[in-house]
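Chemist: The residues making up each chain are set out below.
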Amino acid sequence: FANSNISPGAGMYPPVAKLNLAADPRKMRRIIAEDPEWSLTVVPLLSNLCLQHIVRNFEEKPILEELLPRHKDYVLERLSPSLPLQVTANLISDDGYWKRCCKQRWGLCDVSSYGHSWKRMFFERHLENIIELYIPDATDPKTVLGMVPLCRNYVKRLDISQLMPPIKEPQKSEDDDNSDSASDMGMDGPSMDHFDFGILLDKLNHLEEFHVVYRVKGCGMNFEWNLFEFTFRDCESLAKALKSCKTLKVLRIHQSKVDDEKCRQLVNNLLDHPSLRELNLSHNLIGDRGARAIGKLLNRSKLERLTVYDNNIRGPGAQAIAYALAKNSSLLSLNLRLNRLGDEGGQAIAQALLKNRTLKWLHLGGNEMTEPTATVLSQVLVQNNTLRSINLSCNRLGMDGGKVLEEGMCHNSSMVECDIRLTEVGQESDYCISQVVRNNQNQAHRKHNTEENLAQTSEHY
Amino acid sequence: MFFSHLSFRQELGDDSREKKEIKEEARKSQHQVEQSEKRMIKLQSDGTELVTNIQVAADSRESRRQTEVEEAHRLRVEKLENEAKSSLEKFEEITRKWTVAKMKEIPQDLRDSLSSQQQLCALLIEDKNKLIHELQKEMKLSDDRYVKDLKKQAEDVDLMIERMEDQVKFLMGSYRDELDQIENSFEHERKILLTGNRKKWEQYTKERRDKELENVTQRMKRVEEYEVLLQQLRTEDTEEYNMIKIKLDTDVQILEQQLQQMKATYQLNQEKLEYNFQVLKKRDEENTITKSQQKRKITRLQDVVNNLKIKCANQEKQSREENQNLTDDYTRIMQQYKHMQKKMRHFAAIDAKKFEEVWLMNEEEVKALVEKALDTDRLVHEQQLGLAWQRPSLAFMERCGPLQPHRQTQKTAHQAISELLQLGQTSGLGKGKYQEAGVGPGAESPGLAVEVYDSGAGLESGSSEVEREREGSEGEHSGTVSVKIVKKLLELLCDEAGFLIESKLLKLLSPLEKDEQSLMKLDSIFTAMGIESEEDVYKLADFFMKYRHTQGEQTQDVSAKWGVASPQAERGEFTSSCSPPSDLIHPNDVLVALRAFTAQHCRPRELAASHQHSMLGLGGRDDTEDAAYWEAMGDVIPEAKLKIWGALEAALDKYHIVLTERSKFITDTQSLKQQNTELRMLLHQYVNSRVNAELEIPPNLVMQLAPEGTN
Chain A
55 FANSNISPGA GMYPPVAKLN LAADPRKMRR IIAEDPEWSL TVVPLLSNLC LQHIVRNFEE
115 KPILEELLPR HKDYVLERLS PSLPLQVTAN LISDDGYWKR CCKQRWGLCD VSSYGHSWKR
175 MFFERHLENI IELYIPDATD PKTVLGMVPL CRNYVKRLDI SQLMPPIKEP QKSEDDDNSD
235 SASDMGMDGP SMDHFDFGIL LDKLNHLEEF HVVYRVKGCG MNFEWNLFEF TFRDCESLAK
295 ALKSCKTLKV LRIHQSKVDD EKCRQLVNNL LDHPSLRELN LSHNLIGDRG ARAIGKLLNR
355 SKLERLTVYD NNIRGPGAQA IAYALAKNSS LLSLNLRLNR LGDEGGQAIA QALLKNRTLK
415 WLHLGGNEMT EPTATVLSQV LVQNNTLRSI NLSCNRLGMD GGKVLEEGMC HNSSMVECDI
475 RLTEVGQESD YCISQVVRNN QNQAHRKHNT EENLAQTSEH Y
Chain B
31 MFFSHLSFRQ ELGDDSREKK EIKEEARKSQ HQVEQSEKRM IKLQSDGTEL VTNIQVAADS
91 RESRRQTEVE EAHRLRVEKL ENEAKSSLEK FEEITRKWTV AKMKEIPQDL RDSLSSQQQL
151 CALLIEDKNK LIHELQKEMK LSDDRYVKDL KKQAEDVDLM IERMEDQVKF LMGSYRDELD
211 QIENSFEHER KILLTGNRKK WEQYTKERRD KELENVTQRM KRVEEYEVLL QQLRTEDTEE
271 YNMIKIKLDT DVQILEQQLQ QMKATYQLNQ EKLEYNFQVL KKRDEENTIT KSQQKRKITR
331 LQDVVNNLKI KCANQEKQSR EENQNLTDDY TRIMQQYKHM QKKMRHFAAI DAKKFEEVWL
391 MNEEEVKALV EKALDTDRLV HEQQLGLAWQ RPSLAFMERC GPLQPHRQTQ KTAHQAISEL
451 LQLGQTSGLG KGKYQEAGVG PGAESPGLAV EVYDSGAGLE SGSSEVERER EGSEGEHSGT
511 VSVKIVKKLL ELLCDEAGFL IESKLLKLLS PLEKDEQSLM KLDSIFTAMG IESEEDVYKL
571 ADFFMKYRHT QGEQTQDVSA KWGVASPQAE RGEFTSSCSP PSDLIHPNDV LVALRAFTAQ
631 HCRPRELAAS HQHSMLGLGG RDDTEDAAYW EAMGDVIPEA KLKIWGALEA ALDKYHIVLT
691 ERSKFITDTQ SLKQQNTELR MLLHQYVNSR VNAELEIPPN LVMQLAPEGT N
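Going down the list, the protein sequences come from chains A and B.
Going by this note's numbering, the first residue of the first sequence is number 55, and it counts up by one from there.
Going by this note's numbering, the first residue of the second sequence is number 31, and it counts up by one from there.
The shape of chain B in the complex, shown without the other chains (with noise of 0.2 Å):
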């Protein structure tokens, strides 16, 4: 550990020696680098400067010659001036002159005059050709100069060209140089890093090589020390061994005699086991058959309960399908039966009228021929018999249209009441106006009229038999339940039971006086309870009147045990006991006698209903009283007189049969007269033709030999 520290330590001072010496290294190269970049610069600058010197040179050459030829070019003006001003003066000394000449007169003078200044021309010009000359020659020199100037500049420009090539070759050979240079440089940094990285790989490769040896050594060692210690242990742990094999020996054998013992019982148990899992096994076979049977069952049934739903459901859809079409067929039937009771309505009237009709018709003809026979034996016993003849009676002679029963119907509960009421009343209202007033309600209600209708009709089917009830009912009636107590319940009841009427119905009472009101309500109360007839008016009174004598004892019982009744307890005592018969129902009770009433009364009624709506349609008319009546008709010529009439004509018969006898006799007579004119007609026309002239043997000879021969 400590030694690891150290050499990490160690390794830290070189890598940081290292780090500076790298740095030394790199500032070496670096000043190589720089050292080449200013010697380079220097030997551009320094190239430059020898090309550029020649253009230096030219332009001092340039700027130089520019003085020249400003110098000259003044030293020229100068000259030129000068020139002139003497040329000037020249010039005025020979016009001077001219005026001189002029002057001479004489010949001689003018010609040396005249020479003089020829010559002084020629002078003038000669010094203006000089200085043509000069001035030419000055151009020459100048023309030269400018020759040799060019030539000097081609020079010049050849030169720079040369020295610019052999700059370019010197400074690429000093670059190629100075790049060596730097290569190097950096070649030996480069080798120099490479030598001391070396070093320094093979004093940590030595380091950990001397480490290794010493580690393997230190292994070496250890490893004997471990192998005694080994030994020393293998020892100890054999004997150890051999003693805990001995105990463990004997231990072996206790248990192994346990393990026998062990497996004895075991053996047993196993048998018993097995013979246990057998019966188990058995069990469970058959427990798996009887389940897989109940499965089966059970899959059956359950296809079963399945085909069943389904059938159910096509049942029930069969059966919603057939309700609905018997329901339809219902509707169907029932406008069918409907309409066909209209039709039957209307054909029993037609049956009626016609029935009537015929009835006329034949009554009228039945009449007629009672009438013809009456005659006929009127004339009979008169003429023939010479009997004085009267005339039977005839009492249905007189009467005409089919032949009317008298039907006792039965009195409606309405009649009754109104009976009853008008008997309270004792007033002097005729019976029919009270059936007017009651047919009025009837017809205003339609619906009810059908009802009426249908148990009208009900009625008088059965009438002949309420007819003698009633008879004998009202016997009863006016036996037990007096008129006036029957009143009086019935005034109790249209009290009490006003929740039976409707509403509206009391509203439009409420303008009618207190009699018809109530006759109205008793009447609505009793079409809503049921009560048709007058009969079960009575039988209702009497009801009461039963219901009245039980229940009285009960309440008295009631209001005796209790002491203190109440009001109208009370009140009911005091009417029961104001009323001089005391018969009537205590209100109180009405409404519950009334629905005892009804439970008791209206299940045979509607056994009669039921009876009377099968009865309903067959209108049929009492023919009894028809025959008799139609058999008196025909025995309007009792039996004695048939018989006398019998006798009559057979004995005219008789007479009739000589007298046609007689008769026959008489035509025979007549026709054999006939004949014998006849013949002698013939005769007479035989013998007088002219025929018998021309004959041989004329015919009066024979007639006249024949009756001889005949005769």
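For reference, chain A alone in the conformation it holds in the complex (with noise of 0.2 Å):
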């Protein structure tokens, strides 16, 4: 005991190594400049050796909070990241520690997209692993309800990327066909299809951002239709689950294949939420019923951005959503990128927009709109000032649609972003709707400027 502390290379040599001094480069050298911890005093100090004993007995007795900070510091840096966090967990809160955790577990860590703190990350990369791996019926849901009261009070953001589906019973076979449909309701099967939500997300009370896939990551040749499956079950266990989560704000489910019985299941439970700010339901198969249902939750929340990009939206849907559109005060960015909305649905939007006051930011690519969009969105971009940015690639305008384009654009002095790129324009009227565009962010860039110089001033005086 004595020898390890003497010098942490000394112990390592039996006591007769110890006469041939030369063999140790240590031992020939007064002053060892580039170890930290080297110091002149032959034997350590009994403060030290106390510290060193906390380190070493920190499992059985953690003793951090009754310490000096200098003390404190010395044993945080000692104590071992392989701690069982029941100990740990609600007692470190030195990031230093939590970042030796998570470099020890995971290696490569991007810290900025945890709000810089070490301690969130592992937390919330440890319970996102639990869930990832958590198989229905076999795993014991007390892996993740033991946790919880660990991570309660650091996880802010859950991003799902996998969800194992319950182990196949030896009927395998038989279910191949029943597969491909939704799932059987199987009265015998498993009592989940997927993680439940429910007995997880109202623990989590600081939980603001939630992002969840139905499927199973890198299944390679063993893919079956079955692993990626969003059934019935797992939506109401998830609806119901935030429902209960009252502190959410993001809520992403995408690739999940959620259809229109889904998302109205969904939305219904989201309706008042108290805090929900961004739906992004991207990469599913809503149709128009679904639309209907969000244009419903429009209204009834405090969304600001909504994200349905690569459904399978049409007309109807569109001027579900139109509708609320005109009569919502909250919503800022608007994406329905590649749905099927149309003339009928683009011109339905754009109507809104001619009432609609709050809208910043909209994405209608991939639309299959046409001339006559064109010209009430030229309506829109004469009459709407706050509408900054307006994306309508990919729609066939045409030559006309362009021209109108680019007479609307004329009136205009607040877009600051116009994507007609692949609309089939003329060159003209997109040079022209660039050149505005351009004015207009050269404007806003000086009032910007103008904007900071005042404050800048005012600050000085």
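It is worth saying that the hints were derived from the structure and are not from the lab.
What you are looking at is a predicted structure, and each value in this text was computed from that prediction instead of being measured.
One or more of the hints may lead you astray.
Claimed, not checked - Sample of chain A residues with no beta-carbon within 10 Å of chain B, all distances over it, derived:
(1) V434
(2) D473
(3) L476
Unchecked claim - Mimicking PhoX-like on lysine-lysine, the simulated pairs with C-alpha atoms at most 20 Å apart in a straight line are:
(4) A/K350 x A/K381
(5) B/K68 x A/K501
(6) A/K300 x A/K210
(7) A/K115 x A/K126
(8) A/K501 x B/K72
(9) A/K356 x A/K294
Claimed, not checked - Listed next, with one range per pair, are the computed distances between beta-carbon atoms:
(10) B/K72 x A/E482: 15 to 23 Å
(11) A/C273 x B/A184: 16 to 24 Å
(12) B/Q183 x A/N102: 54 to 62 Å
(13) B/A184 x A/E471: 27 to 35 Å
(14) B/A184 x A/R110: 21 to 29 Å
(15) A/K501 x B/A184: 37 to 45 Å
All C-beta atoms, glycine included, are put in the ideal place defined by N, C-alpha and C.
Make one complex out of these two single chains by using the hints.
Modeler: Right, here's the structure in full:
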């Protein structure tokens, strides 16, 4: 014990080896500058010994808060990252320790996306790992629930990138046919189809963002359709869980085959949610009925950003959304990329924009819109001065549509971005529009600069 | 002045120009910054466009694919529907044919129909298979397409990444370039500024140099001018100087002479002063010596004073303590004294009693002895001498108790007054009664009792003297002052000197008779005035009379002088004229007279009082007569008788001697007679005894012989 403390190198050697001092270069040197721990004193300080003892027995008897700040740092520097979380979770708040934990566990880490908090990163990723590897009926739900009191205060975002389905019964071959369609709600099947978030979400009282994908990562050649299934049961439990989570601000469910029914169920449970700000249902199968539900949600929540690109929304659905949009006063951003709105939906949206005074960012790319929509949009460009950015790429607006837009754009002074690539507009109108946009940008920039200057001067005086 | 002002203005102009330049230049750099900023924004937007182009292309492709898929789906559905229709028709035909086939009874036909049926079925199945095959083909195609899409997407992603990297690189390069440009522009500006400033600086330094040169030349010129002037002034000054010097030299000579004179006088004065100084010094020394001596003396005296003060204080303290002690002693001794007095009185009383007892005892004894002596005398006279005895007169035998000397104490003032009053009243009241009354108030006031006692005791001592005086004085008084006058005087006193009586006493006296009242009043007045004895009373009266004589003349003179007298005076005159002897004093003069009297009278009385006081407590009895008394007792047998007794005694002695001799002889004879008888008896015995017979020679023979022999 004493040997090991005299110098870190000395303890390694058997006592006989000490005679050969030249073998250890450290013995030959008076001062070892590169080692910050090195000290001239031969006998370590009693306080250091005590601290080392504390470090060694931290698991049995965690003493940290009672120590002096200097000693605390000393102990935190030496604590092993593999200590059980039950001991460390609520006791240690020092980021250095959690950084070591993260580095040890995942190697490369980007802490900037976690609010520069290593602890948050550790717990979020830890919880995500647990949930992603959770197999229904096979894993004990206590493994998740046990983590709740430890990580409850630190988890703000959950990004679930996969969810395991239950283990297949031997009658797998028979079920193969049914697996294509939605699960048959088998009475004697597994108690759940995926992890049930209902047991978790209401307990995480700091959760703000929730991303979930109902799929299995890297299945490779073991592909089966039922690995990518979002069943009604799942939808039901998820919807309830979401309803119970009152702090949620951002919800993202994508690539999960959310169809109209499921969308409606989710939206029904999200109505009047107290804090939801952003909803992302991209890469799903939402049709007109789902769009209608979303339209209903728009005016019964505080949504600021709605993203439903790559879905199957057509004219009627767009009309429903447009109807909601006309009355809405909170939505700032709307993304309807890669849907099938057509002229019917595009016109409806544009008509709504004539009334709306809050939307700033609109993406209508790839929606099979043509000239009629462009004419209405040119009206919007003239009348609406809150819209900052519009994306109409991949719509066959045609030469005439481009001209109409150009005309509308001439009377506009608020548009900062206007994407009309691949819309078959004439080069002339394209140039004109881009010119106007640039002017607007410059103006906005100047305005911004003067405002900044004003702020600075006012601060100065 | 003007130049400097102008230059200042120039400077100002330069300054403003400079500022303008700076502004312009600053604008240039700003312009550069703005330009580069714009360029960068453009570059950025271009870059993002370039990058997002891929996405947009992918989007369009995707949308196209979606439409295609939709179209294919629609076609497929149509195709399937058509196929289903045709197959249904075919199927119906087959089923129809089945009924036809059932009708057939000829096996040949049946076989044909069956085979045709079979063919038809095969056809149907073939169609279906074809469809399936087509679909499978389509699926394969779509699979291929999917794979292609995937590849394409991967390519796109790669392309995107590549473009992004390129973009980043390009942007970084352009940023660097812009930065360099901006820096260059700033540098350029700075250079321009520097050169401008340096130019200005050089210009200013040059100006300054020129100015300095000018100044130097001006200064040189001025120096030369001043030198010429100086030379001129110098010559003038030397001439003046010489003149003044000569003049001053003569002055100096004169002054030197004066100085010599002054020096001489000064010498003289100095010597004088020195002498004076010496004298003064000496005096001063003496003074200092005397002063020091005085000082020393003062200090010494101060010390002495201090010491004395301390001593005095100590002394005072001591004396105070002593005084305290002495007062304590005094009180103690007083107490002791009182105690002693008490004891003494006690002892006096006891002694008196004892004395009386002893006296009585002795007297009794003596009387018994006297009686015995007388008896013996009588016996001697009657029996021995045979004379008739007569008893001598023995007056003292009748009396018993100690001899009471009849002391005629001086009559107290009180008694005198009462007597006088009695006289005035001529009432038949006994003297004893008055005495009782007099004793009453004395007993009432215990404070006075002691005094009375004391005075009484004092008076007792000199009783004999007083007696004699009184005898004398009474005669005098009777001669000078009549009793009546005295009584009147007393009444007057009683009226006039009422203030001396205590108010309390007055109250007490109110119920008494007038005479008694006045008696009491007078008594208290006299005690207040210190008049105690009758003698004093008479003295007072006498004094009053005398006073009246002297004063009366004066008053008369006064009244005569004034003509109109005061009513009191008139009354006094009236009273004096009315009263037959007209000896009485005027009431107004009573107090004055009293005062004079007390002033005269009190001193001798005090002396007497002190004298009396010293005699106090030595209460002696008059023992002069005792000796005579006892002597008389002892002389109850007169000298002659004693002589007789002596002679008688001598004779009796002689007679006694004779008688004693006779008695002696008688006794002798008697004893001899007895001896004879005894001897006879013995003889008889011897003779008669038997022994004799035994003897050779009987005694009786001897006896017979003996007597013969002897005889």
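Chemist: Going straight from one Cα to the other, do A/K501 and B/K72 come out at no more than 20 Å?
Modeler: With a Cα-Cα distance of about 18 Å, the restraint between A/K501 and B/K72 holds, given a limit of 20 Å.
Chemist: Is the hinted range of 21 to 29 Å satisfied by the C-beta distance from B/A184 to A/R110?
Modeler: violated, 52 Å
Chemist: Is it true that the CA of B/K68 sits at most 20 Å from the CA of A/K501?
Modeler: holds, 15 Å
Chemist: Does A/D473 really sit off the interface, with its C-beta more than 10 Å from all C-beta atoms of chain B?
Modeler: Per Cβ check, A/D473 is inside 10 Å of chain B; nearest 8 Å; violated.
Chemist: Does A/V434 sit more than 10 Å from chain B, CB to CB?
Modeler: A/V434 clear of chain B: closest Cβ-Cβ about 22 Å, beyond 10 Å.
Chemist: Given the hinted pair A/K300 and A/K210, is their Cα-Cα distance within 20 Å?
Modeler: Status holds; Cα separation ~13 Å.
Chemist: CB of A/K501 to CB of B/A184, is that within 37 to 45 Å?
Modeler: holds, 43 Å
Chemist: Please verify that the nearest CB of chain B lies beyond 10 Å from A/L476's CB.
Modeler: violated, 5 Å
Chemist: Is the gap between the beta carbons of B/K72 and A/E482 within 15 to 23 Å?
Modeler: holds, 20 Å
Chemist: Next pair to validate is A/K350 with A/K381; report whether the Cα-Cα distance is within 20 Å.
Modeler: holds, 11 Å
Chemist: Taken at face value, is the distance from the CA of A/K126 to the CA of A/K115 at most 20 Å?
Modeler: Between A/K115 and A/K126 the Cα gap is close to 15 Å, so the pair holds against 20 Å.
Chemist: Hint says 54 to 62 Å; check whether the CB-CB distance for B/Q183 and A/N102 agrees.
Modeler: holds, 59 Å
Of the hints listed earlier, those the structure fails to meet are numbers 2, 3 and 14, in rising order.
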